[in-house]
Each structure stands twice: as structure tokens, then as C-alpha cells.
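Which chain is which? The protein sequence lines are A and B, in order. Counting from 1, one number per residue, gives the positions in the first sequence under full-length UniProt numbering. Counting from 1, one number per residue, gives the positions in the second sequence under full-length UniProt numbering.
Simulated from the structure, these hints should not be mistaken for laboratory data. Check the hints yourself; a few may be wrong.
A pair holds if it fits inside one copy or across any two, identical chains being indistinguishable in the list.
Quick list of in silico lysine to any residue cross-link-like pairs, SDA-like style, CA-CA up to 25 angstroms [claimed, not checked]:
#1 Lys432 x Leu82
#2 Lys432 x Pro24
#3 Lys327 x Leu452
#4 Lys432 x Glu267
#5 Lys435 x Leu452
#6 Lys432 x Thr289
#7 Lys432 x Arg57
#8 Lys327 x Pro467
#9 Lys432 x Ala25
#10 Lys435 x Ser233
#11 Lys435 x Pro24
#12 Lys327 x Ala268
#13 Lys435 x Ile449
#14 Lys432 x Met292
#15 Lys432 x Ser83
#16 Lys435 x Thr289
#17 Lys432 x Glu287
#18 Lys435 x Glu367
#19 Lys275 x Glu236
Please read these numbers as outputs of a predicted model, since none were measured by experiment.
Number of protein chains: 2
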Amino acid sequence: MPETDPPSEELKVSTPEGAEVDAPALLDHLLEVNDLSGLQRFVYDQPAGEMARAISRLTDEERSQLINILPAECGAYLVEELSVEQASDLLAEVSPAKAAEMVDPLPSDAQTDLISRLDDDEAEAILRELDPDDAYEVRRLASYEPDTAGGLMAAEYLAFFQTMSVREVVDDLRTNASEYQEYDVQYVYIIGKSGELRGVVRLRDLVLTPGDERIDTIMIRNPTFVRDQDDLSTLEQFFDAQFFQAAPVIDEHERLVGVVRRAAVEEAIGEASSKAMLRIGGIIAGEETRSMPAWSRALRRLAFLAPNIVLNLVAASVVAFYEPTIKRVTALAIFLPILSDMSGCSGNQAVAVSMRELALGLVKPNEVLRTLWKEVMVGLLNGMILGTALGLVAYAMRGEQFAWIGLVVGAALAANTVISVAIGGSVPLLLKRIKMDPAMASGPILTTITDLCGFFFALYLATLFLPPLPPD
Amino acid sequence: MPETDPPSEELKVSTPEGAEVDAPALLDHLLEVNDLSGLQRFVYDQPAGEMARAISRLTDEERSQLINILPAECGAYLVEELSVEQASDLLAEVSPAKAAEMVDPLPSDAQTDLISRLDDDEAEAILRELDPDDAYEVRRLASYEPDTAGGLMAAEYLAFFQTMSVREVVDDLRTNASEYQEYDVQYVYIIGKSGELRGVVRLRDLVLTPGDERIDTIMIRNPTFVRDQDDLSTLEQFFDAQFFQAAPVIDEHERLVGVVRRAAVEEAIGEASSKAMLRIGGIIAGEETRSMPAWSRALRRLAFLAPNIVLNLVAASVVAFYEPTIKRVTALAIFLPILSDMSGCSGNQAVAVSMRELALGLVKPNEVLRTLWKEVMVGLLNGMILGTALGLVAYAMRGEQFAWIGLVVGAALAANTVISVAIGGSVPLLLKRIKMDPAMASGPILTTITDLCGFFFALYLATLFLPPLPPD
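Chain A on its own, in the form it takes in the complex (with noise of 0.2 angstroms):
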């Protein structure tokens, strides 16, 4: 990829080292007094987080501001710096024409990761702005899912016809060599009459070999490649088996398409695991930042707790139902709580070793009944270590009143967790076989029905235990 420069080193102010800008302060500034030099040397000098930083605290009429202040050429030096989702952000407000200007330098990955966040309307608008032949492979690079090959794919690469020799090829290199700037040059394609992916000629091949021969004599043979629709996890095993920078994608003819490049896989992936960290901690309403309204926020977060007050009531139900066991032992409230924390935390545990070996491929979707079979035996052991543990301390603490009262929490607490690493370990595996997110395994249905067992068990023994009550 390109990287666009500042124009000029004049531009640059140099900070004493050791001394902090505030950047969001100084941004504040800067747009209060409308400097537009002021503006474009923050852009260009200021480290890309901190100006990540400085722009995430602008209210929306400040960042319309700034985005329309600034000449084109540096808005498109931001918004290569920012992250996309604050790009596209910028592009909002900007007309279509200077939109346009602003992605132009950017190589058609990218212009279509930014582009495809936007309305359709604004999308359009700037699509018709945009240099046809770009605008093109756009639309084309949209038109796949976001995470697969053809998603993450780049549409500049170099392909050369097999029958070409090595001359040539270095020729049309040198000539044209400042349109191929933007290009990630690492390897040159060679393809046959209709476009099908023959070859693979590495740069440095080139530059070590003199001219004469045909290129296809230089070429490494039955590339190895990858399809358009491969998935992110094919994607990813393909790019831990190979060293390569990058494969070449092919379509269902096996013609040529595009490039993918093994840091844009990583970063989809980082991405992903991101997303999948939120969700765990129960955002799951997108992403949220912290410039956001409040109210805003609050109904985002709310999108995850009103369902988990529901099911919460669902578990706290079997509490209900055996109140007046728990009139007569009120010790047991005490370690109701205890149950449901200790066998949501076992369950998490299974949930998490599930999605570390799901996504090394340490163990496949369909391997339910070994995953299970694996999990009893440690949930056995935690849950006789535990379970005696918190018996112990029951006892301890109530026998005087009501001997048995440890042996029923204990048990509980026992049981409770081989149930629990049971469901935890082999739900993501469930949720992986129907193309679902193994990471929703560890949340507030495991949490419900862990704690529904766990309520009943220990409620239920403790019954069992009571002398009946004498009649009124």
C-alpha cells in the first residue's frame, strides 16, 4: 500500500521530547481559533493515536469542521491514519467530490472498506465521482461478504500473459513504475489467455534473472492460492501453513481476481477477536465509544441486560418456588449466590478453552461427544475438590443448627459443575456447527440454566433433608 506523504517538511513542528501535547486540547484550540496551518500541521504531526484520540472527543459539528477545513490532500493523509469506522466517520461530512479526492490515493481495499460503511445514497454519490475504472473495482470488491477472500482482497496486483518474456516484463515494470507506486509489489502473477492463474514470479526473481527467457521459465509452477469465497478461518489456517505476504485469489474458473494480503487477514482477524472480546463482556449492540451520548450508550448496554434481568427472574423463580425451605434454613441464602458464581465462573473456563482450540483447530465442530467426555472428567474433579470445599464451610458455619446442610451444598455445588464445563465446553462447538458465534456460549443462557440447576439442586436436597413441618 501507498503511503501518502506529507507535502513538505516545512509543514512539521518538532516537539521537545519528553514534553506532552495534549492533543485533544490542542485540537480544541486549534478549531476554536479556525487555524487552518495550525489544523494541517496537528494532521501531519501528531502520532496516529493521538490524533485518533484528540478527533474521538470532537462533538459532530467540530469534526465537520475540521474534515471540511482542511484541503483535500491532507484530509486524505487522516483518513489513512484513523481507524476505518472514524474514517468513514469523516467522509460523512464531506461533499461526494471531496470524499472522492480523499480515497483516491488509497488502493481499492481500502477505498471499499470505507466506502461500504456509508449510507447507499452517500456510497453512490461518491462512487460517481471517483475515477470510473476505480469506481469499478469498488462496486466489484462490495459485491463480496466482508470477511472473505474476495472481501479482504486488493484489486492491484500485477499479472502478466505466460508468453511474455522477462524483458518485457521488467520493461513494462520500469515504465510504468510511478503508476505501480501504489501498488504492494512482491510478487507478479502470471496468467493464461482467459485470465487463469498460472504462475507466481517473486520480485526478486526478477531482479536476478537477465531478460531473454520467457517469463513462465522463471515461474514457480501450480501456485498455491486461495478462492474468493473462502471463509476467514480457511483464510487464516492458509497464511499459519505458508510464509508467504500474500496469495493470489481465484475465482470459480479459476481466473485471477485479486490479492489478499496476509496482514489484511490478520488484522480481519484481530477484528474479529475484538469484536468477540466485546461481546463476552456483554456489548454486543456494536461498538461504543465513550464519546458517544450517554443515553445512547445506556440503550446500547440495556440491549444486553433487559433480556439478562428476564432470564435472571426465570432462574430466580426456583428460589420462589421453594421460599418456605428457605424460611426454615435461611443459611441456605447465603450460599445461593455462592452457587451461581462459582458454577457460571467453571462454566466460562470450558467456554474458553472451546474457542482457543476451535480457533487453533486443535478440535473440530462435529467432536461434541469427545469435547463432552473431556470436560465431565475435570468437572468431576472440580466439583468433588469444590464441592467438599464449600460443604466444609457450610458445615462450619451451620452445622450447630443444621448438620446436613453442607453435605446439600456441597453436593450442589458438585453436580452443578460437571453440568456446567459440560454445557460450557461443547455449546460453542454447537454454535460453530451452525455457522453462529462459539463466543455467545458464555453468556447469560449458560448463566440461567447453570443457575437454575444450581437453585434446584441445593434447594431441592435441603427439602429433602427437612423434617415435615408439624400440621398447623
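Dock chain B against chain A, hints included.
Relative to chain A, chain B alone:
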């Protein structure tokens, strides 16, 4: 990085498409009949993921049999395909001489990763068998902290003195082509007399520039670089802001000491976030796979569960203290687990948002007050909504008995939601400030504090509302 190709095409057998091979069963069978050529075919033929899965299922004895029977060349191929964990397990099973032969084709950073996972004695024995230059590089790289530029960099790079001509550089590249095969050549670095970094020449500029000029006329001056001590988050920001595939690494004397590739950084970030996810899931004692024996996995999980049960007992002590209140209003027992779970969820959401903002650089570790304020606003809103909802449910369920119970439960949840998000949002920043893992915030400590507070609010308020007991 180089790829070690299978030595000949004949070794490959093709599987009819769609016919699924059960890789673990096949490997098991091949080991049982001790079929050397079958095992070699298996290694060269299976996709990396299947091979990893099959090897993870082997017993220690089978693993040792496999790697000892394979010729070193095939073992080298295998080691390249597997993850560092699995590969270093295999290296530990063979003689130092064979291990050295197996790691020989790898670049120095991969050699270092593998060898530094072994015991000191084993590592030393392998280093003595290795080519002395390679061994020196491994020792040099191993002296850096793992997640720094020095720890992630490779020692294979091309550097030329600035006084050389373009032709001399190209001639050197041609002459040493076979040696440089194992280099990831995209940039050529230009150094001054004592090794200090002066500039960078892109390989494509070498291709495109004819030769008598001095190399420093076509180099990019003031090249971007990273310092050997830079940590992972600095490297992440660097590569986020730049589109380079690799960056030169310099030491405190500005001397070029290595090259760090974008892919190595992305991979290290991925590993760090996968470890963070495991820790959030409660797997703290290193990486667990289901091929480990059940008792050892149970023990590893207990490392997290055992302290957790103690913390749970601490929180439960509040409930024990107010047992007389529960005796009189048993309905409270129904709502305590709900309070505990809902507060935990709200707190974890705040942790997840803080971790994401820290990772993206949208918040700095010292912005605790700002984060606290932003979270408290969200906490107030959600606290009021959730508290009202739970309060109404409680009133509906038990209003006939104690009309005030809805108020007590609702107020406790509202107040505790504010506390949870305040802790959950700010503790990751504080942990980051003292260089600890912010993911630790979403753990048992958070839950214990929010449980303590939630139980206290509900039970203290309830006690206030209760009329004094008649004297015995």
C-alpha cells in the same frame, strides 16, 4: 520467511475432494504400523490445521516416536507448519543435533521463538550444534524481552554501506541469491560507517533504476524506524499509522540491529488478545488443551476457582450478617443472586469498553476521572431503568406481604449499577498505568466488590424498613 517445499511431487497423494480423512485416526494407524513413507506423506500432505489437530491427540510416547522416525528434513517442514507450542514440544523429543538440523532452515526470529521455549539445558545443547553465526543471532535475539521490537525482529536483512553503487548492490544480490532465498527481501537498508541507519531502498526501486549512481541517491532518507526496546502497543500504533510491511529496528546508538515485520507484530497482538480472552474466561495458568490429562487441567482451573470461592465467601459474609433480616423477609433471598449477576454484567460491560478504548488508543491510562464521569452517567441511566424494572417485579411478586420490598431491591440495583460501572470502567486504566493486564479488571475481584455492595445495600435498607422485633 522461506518456505521449505516438499522435496518431490510424488510424495503427495491426492484425496478425492469431499472425502473427509480422519487425520487423528490416520496418524494413529501410521504410527502403529510404523510406516515411515506413509508418515512422511502424511506430514507433507495434510493441511496444517489437520496435522496440528492429529498431533495434539498423540500421547507423549507417540509424539516422540513420530518425530524421531521422521528424517530431519521432513521434521523441519513439520516444525514450520505447527504452532510454536507444538513445534517446541517436538524439538524437546529429539537429539540436539537433529533439533539443530530441524530448525536450521528457519529464520532467526522463528529459531529464537522455538529455542527459548525449551529448558535452558536443552536450548544450550541445540545452540552448540547450530551454525555459530546462527547461534550468535539466536542468543542476541533471545536477550530481548519477548514482546518488544527486539524480541520480535528478525536478524535476516540486507544492509549496504551508503558509499556503494546501485550496480554493486544488485551484483551482490545476484551473487548471493541462493543465500538470500531465506530472507524476506522487500527493502534494502543503507547504513553509515559504524552501522547507523541512513536510509531505505525499496527493492522495486532497485529493479527500476539503472546502475552507476551511488545507492544513497535513490534511498529514502530519514526512514521511519522503531527502537529495539519499543513495546507491543508502540509497534501496533506504528504499523497502524504506516502501510509498510516491515520496519528497521535500531539500538540506542542508532545502529541497525534487525527488521520487524508487520505480520510478526500482528501475530503477537493476536496472541496477546487470545491470552487476554482466556484470562477473562478464567483460564489463568497458561494455555490449556484437552489433550492434557484431566487432573492437570482440573488443577490449572482450580488456580482460578479456589481463590474465587474464598472471595465469594467474603461477599457472602454480608448475607450471613443480615441472616435475621432474611429470616423475616425470605423474598430477599430470591433477589440477592439477581443483584449479584446484574451488577457483574454491568461492570463487565464497562471493562470491555475500557479495554477496547485502551487498545485503540482512544483513552489514555491517566484519564481515569474522565472515564469515571462518563461511566457514572451511563450507570445512573441504566441503574434507574433496571432498578425500576426489578423494583416493579419485586413489588408485584411480594407486594401483598411487604410493600416496601420493591423499593429496597430497586434502589439497591440502581445504586450498585453505578458502582459497578464506575469500578469496571476505571480499574482497567489503573491496571494499565501500573503495567498490568487491564483484562484482570473483569474478574473475581470486581465481582466480589459489587456483590459485597449489592448485598449490603439490599439487606441494610431492608433492615431499616423492618419494624423492630418484639422483645422475647
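Cross-check of the supplied hints:
1. Lys432 x Leu82: between (33 angstroms within a copy, 23 angstroms between copies)
2. Lys432 x Pro24: between (42 angstroms within a copy, 20 angstroms between copies)
3. Lys327 x Leu452: both (19 angstroms within a copy, 23 angstroms between copies)
4. Lys432 x Glu267: This pair counts as both: shortest intra-copy Cα distance 21 angstroms, inter-copy 23 angstroms.
5. Lys435 x Leu452: Close neither inside one copy (27 angstroms) nor across copies (39 angstroms); limit 25 angstroms.
6. Lys432 x Thr289: between (29 angstroms within a copy, 18 angstroms between copies)
7. Lys432 x Arg57: This pair counts as between: shortest inter-copy Cα distance 21 angstroms, intra-copy 38 angstroms.
8. Lys327 x Pro467: Both, since 14 angstroms and 18 angstroms are each at most 25 angstroms.
9. Lys432 x Ala25: between (46 angstroms within a copy, 23 angstroms between copies)
10. Lys435 x Ser233: within (12 angstroms within a copy, 32 angstroms between copies)
11. Lys435 x Pro24: between (42 angstroms within a copy, 24 angstroms between copies)
12. Lys327 x Ala268: Cα proximity of Lys327 and Ala268: none, with 55 angstroms in one copy and 55 angstroms across.
13. Lys435 x Ile449: Close inside one copy (22 angstroms), not across copies (37 angstroms); limit 25 angstroms.
14. Lys432 x Met292: between (33 angstroms within a copy, 23 angstroms between copies)
15. Lys432 x Ser83: Classified as between: cross-chain Cα gap 22 angstroms, same-chain 29 angstroms, threshold 25 angstroms.
16. Lys435 x Thr289: Cα proximity of Lys435 and Thr289: across copies only (23 angstroms, versus 28 angstroms in one copy).
17. Lys432 x Glu287: both (23 angstroms within a copy, 21 angstroms between copies)
18. Lys435 x Glu367: Result: close within a single copy only, 15 angstroms intra versus 40 angstroms inter.
19. Lys275 x Glu236: both (17 angstroms within a copy, 18 angstroms between copies)
Against the hints set out earlier in the document, violations occur for numbers 5 and 12.
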